Amino acid sequence: MDQTLEFLNKMNWFLKPFANLIIFFFTTKVGIISLIVLLIVYILFVLNFEIKTRSLAYKAVGSIGGGGRVPFFEKIFIAGRVLSNIFLKIISNVPIVLAVVIFLVFVVGMSKGIESMDNYMKNQQKIKELKSILKQLDQRYKVAEIDILDYNRLTEQTKMRIRFYDYAQQGFSEQTQDIEILGNDIYFDAIVLNFEYSEIASGSAKNIVLPYRIFSNKVPQGKGIALKLQDKNGVPLIFKRKESDIYTVEPDVYTERIQEIMSYITDKKKARAAGIRSIYGNAVHKTVRKGDKLVIWVEQTGGLVIKKAVVF
Amino acid sequence: MKKQGANLLVLIGIITLLLSSCIKEQKKQIKKLEENISLLKEETTPIRFKILGKTNDSIHLLVKFYNSDKKEINSFKKTLNGQELSIDFYMVPVKDRFVAFPSKIFTDRIPADAGISLYEYYNNDGYPGIFYTKDIDKDLYQGLKDIYQKVKSGQVDSISDHFGNMVHDIQKVKSFLPENVYSIVTHTKGGIEIIEE
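For the record, the sequence lines run as chains A and B. Numbering-wise (the working numbering), the first sequence opens with residue 25 and increments by one. Numbering-wise (the working numbering), the second sequence opens with residue 283 and increments by one.
Any given hint might turn out to be false.
Said to hold, decoys possible - Below, in silico cross-link-like pairs of lysine-lysine (BS3-like), each with a Cα-Cα straight-line distance of 25 Å or less:
id : chain 1 : residue 1 : chain 2 : residue 2
1  : A       : Lys294    : B       : Lys456
2  : B       : Lys310    : A       : Lys152
3  : B       : Lys336    : A       : Lys292
4  : B       : Lys434    : B       : Lys352
5  : B       : Lys360    : A       : Lys247
6  : B       : Lys313    : A       : Lys155
7  : A       : Lys293    : B       : Lys332
8  : A       : Lys155    : B       : Lys310
9  : A       : Lys150    : B       : Lys313
10 : A       : Lys317    : A       : Lys166
11 : A       : Lys183    : A       : Lys314
12 : A       : Lys292    : B       : Lys456
These are calculated hints, taken from the structure and not from any lab test. What you are looking at is a predicted structure, and each value in this text was computed from that prediction instead of being measured.
Using the sequences and the accompanying hints, generate a full structural model.
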């Protein structure tokens with residue numbers, strides 16, 4: 025298909041200027057006026073030639089007036105004859121005129137057809153690219169789920185269970201962390217590394233979120249509770265990611281990956297070079313009640329979002 | 283021969299017409315995709331702040347509020363006890379996007395309940411001034427005004443899917459530096475970001 029289109033485009037390289045010229049002369053005001061002017065110039069030229077010929081004839085026979093002057097009424101007669109001759113010529117050549125018109129229409133049609141096909145293919149490619157960008161930007165991924173086990177109105181204590189999404193396993197970890205805290209507006213705090221839109225749009229990077237503590241409306245963040253979820257090897261689940269989720273990291277050097285992320289946090293230049301546009305702490309929070317189930321998401325356009333989990 | 287030529291012409295005509303209508307559809311689709319992408323990338327900056335000074339126990343800062351036309355509408359200076367500065371927002375879903383109302387400022391030593399409320403700093407006759415723009419739609423103006431009143435007074439039960447979203451510096455890894463200016467950027471999908479200027 026690509027080869028055919030390439031061949032047609034090459035063909036259109038010389039067809040297009042010709043087609044554009046035809047379109048200019050037959051569809052634009054300036055073109056039509058130009059054609060009419062050309063026709064008038066042609067008629068005037070022929071008329072002038074006929075009158076001059078007639079004038080020479082008069083001179084030759086030494087006629088009335090002696091100077092070879094053609095009488096006014098004869099000039100009108102010559103003009104009428106010239107116009108009718110041109111008209112009759114057109115009529116008698118109708119098949120040729122028609123063939124020329126068909127040829128011109130064919131050239132224009134062919135050129136426009138190839139152009140349309142080329143535009144169609146280019147648009148299809150653009151749609152594919154835009155869909156891919158939209159898909160990358162519109163993506164969100166889960167970070168954690170929080171189950172509110174209890175809230176005591178008298179003591180204002182909230183009990184909750186947290187499960188983290190394990191990116192190496194592509195699912196929630198079986199390990200959980202139970203937390204009890206004063207207050208019922210629960211803040212879920214994390215370090216966020218947001219990449220440039222261009223990195224996300226091209227699919228070469230995803231925003232990274234490293235949850236690290238819980239606090240509340242009653243407990244300041246400095247006295248928040250640290251999240252201690254670790255896998256069986258003692259590796260924090262929050263650092264576990266698929267290789268493709270982290271920028272320029274080798275598959276088997278896990279610690280290097282963590283060090284790489286940490287260096288982005290502390291080294292502004294390195295972070296910029298890696299395409300990170302912002303690093304900061306971000307806590308999403310919600311006033312909770314017993315039985316609530318919350319899900320925390322990372323938005324690819326930046327930041328965290330918390331929502332009540334949908335129950336089927 | 284003539285018949286074949288005519289057939290070819292008709293065929294070219296039909297193909298061109300079909301392609302033209304397909305291209306029209308494609309252009310509509312491209313426009314819609316581009317609009318969706320720009321909506322996703324849409325961001326606003328209602329707050330900028332500057333750290334005027336910092337000690338082990340306190341943060342001295344200047345906070346400025348801006349409307350949608352990027353004009354400053356209000357500002358204040360405060361000294362807060364703590365080392366990490368937090369700026370909290372109330373996120374409310376409106377149609378296909380989230381609207382962010384700056385709600386509080388507090389620190390790692392001041393709990394959220396004891397933080398400085400920000401609602402009055404951008405109150406413009408009951409309307410949230412940070413969303414003001416010259417060409418604002420009347421219905422949107424009234425809608426935002428109603429939501430602002432509810433959020434301000436804490437009557438948010440009628441609003442579904444709302445949540446709080448707070449951004450802050452992290453003392454151990456990346457702290458706000460004195461004399462630096464920071465922008466708080468809100469995203470239509472509900473995210474909040476701090477951008478160092």
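Looking back at the hints listed earlier, which ones does the structure fail to meet?
The structure conflicts with no hint, since it agrees with every one listed earlier.
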